[in-house]
Amino acid sequence: MIHNATIVNEGRIFNGSVLIDGDRIADIFEGEAPTCEHVVDATGMILMPGVIDTHVHFRDGGQSENPAGTFYSESRAARAGGVTSVVDMPNTKPQTTTLETLEAKEVLAERDSAVNYGFMLGATNENIDTLLSLEPTRYAAIKLFLGSSTGNMLVNDPDQLDHLFRDARKLIVAHCEEEAVVQANMHNFKLEHQGRPTETAALHPQIRNTEACFLSSYKAIERARRYGTRFHVAHISTATELSLLSNFDLDKKNITAEVTPNHLWFDDRDYAELGNLIKCNPAIKSNDDRLALWAGLEDDLIDTIATDHAPHPLEAKQRPYFDAPSGIPSIQHSLQMMLEPAFAGSVDSGECVVDSTRGLMLPTTHYPLPTIVSKMCHNPALLFGIRERGFIRKGYKADLVLVRPGVESKVTKESLLYKCGWSPLEGQTFHTRIEHVWVNGDDTGSGAEALQFSK
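The sequence shown runs 1 to 455 under the working numbering.
Some clues are possibly wrong.
Unchecked claim - BS3-like, lysine-lysine: derived pairs with alpha carbons at most 27 Å apart: (1) K219 x K253; (2) K455 x K253; (3) K394 x K252; (4) K455 x K413; (5) K252 x K455; (6) K455 x K410.
Stated by the list, open to error - Here are the computed distance ranges between Cβ atoms for each label pair: (7) H436 x R225: 41 to 47 Å; (8) C36 x P405: 21 to 27 Å; (9) T130 x S409: 19 to 25 Å; (10) N152 x A104: 26 to 32 Å; (11) A26 x T130: 38 to 44 Å; (12) A202 x E32: 54 to 60 Å.
Think of the hints as simulated: they come from the structure by calculation, not from any bench. Even for Gly, the Cβ is constructed at its ideal location relative to N, Cα and C.
With the hints as extra help, turn the sequences into a complete structure.
Written as structure tokens, this is what we have:
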């Protein structure tokens, strides 16, 4: 029994207790609860469903001799941060673009993962017929790269794109950046800056700019609306893209969107201090964009929060800007990043919170906890058809996280569980602590299993 917790679930905050029997939630009690053989006293703590992160790059495909991350390392970092289920991306070695490569990755995850796992299959210019022939319950979604990124899985054949959008039976999740704009900007900025003192990560939001994001998202959403496709914009990064989205109830939307904690936390002022450590695709942009994304969450224009967790060796990140890879390791602290607006220590005004660690301006003094739980737990389960998870419901799998608010926890290099061993958050003090995590009722670090997907 998890006893006397502040439960945040399905739009409500209430005091109650949750009974776990085996791998499932056996009952939920408001107020008084019966005695139980084993009791966890959760007084003063927040109990919520385990986070479902539907966008991770664990980098482990089985054929790289020294991947930047592994299921073993990254899943343990995820679990330490309150994440109980992940969906891994296909741009690994080998790329997850066939049933055979999917099955090989499933074997790796079954052996090594500390959290529940599922996978997206990647689209290419050559494999659309193969994707469309596979049983849709075998995988979470189809990942489509409309802009080049790590792994180079760009799909740019218009006939194949029409084929995919017209005939897909699964949700399509897209990385949206207009390749022609990015490449033209890259060419021009290399001529101007490469090898000079001005070659810094501050160029990144100018190369992968608002125009590139908006134009790609606009074209993809127009195509999805033309064919009635279920389409999800990954890691949205600009205020202008919000104009393409609606705030209908999730079950009435065909077009949905995701944001990462990094695009909500950092802005272009942070490149001066952090440089390539926050280089990611799409680029972290202005403070106005960042605050607009926070508002888009609360207004239900943005439907899910996912990390795009992407580890790279520190030495690779320390190369000159044009040679450094894109990606940020973040899954170990994603939930704390999102909870910080509710629990940061000092208040500057009625509209924002100042995190004294780095002067971060967070958008509201009391950002609603049910919104965070909806975007990190409920909506990922609903949108991706993940069965029996994402909610605290009787009979559902017991994936749960207990958070202690009002205590300081500092990010140190020694506390990081990523294989890469670094984070741009090093030195950050959060005002919550992840106290206890259950995966399928297990709190010992075991218990993970494959996610089950509906059609």
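*List in ascending order the numbers of the hints, as given earlier, that are violated by the structure.*
4, 6, 9 and 10
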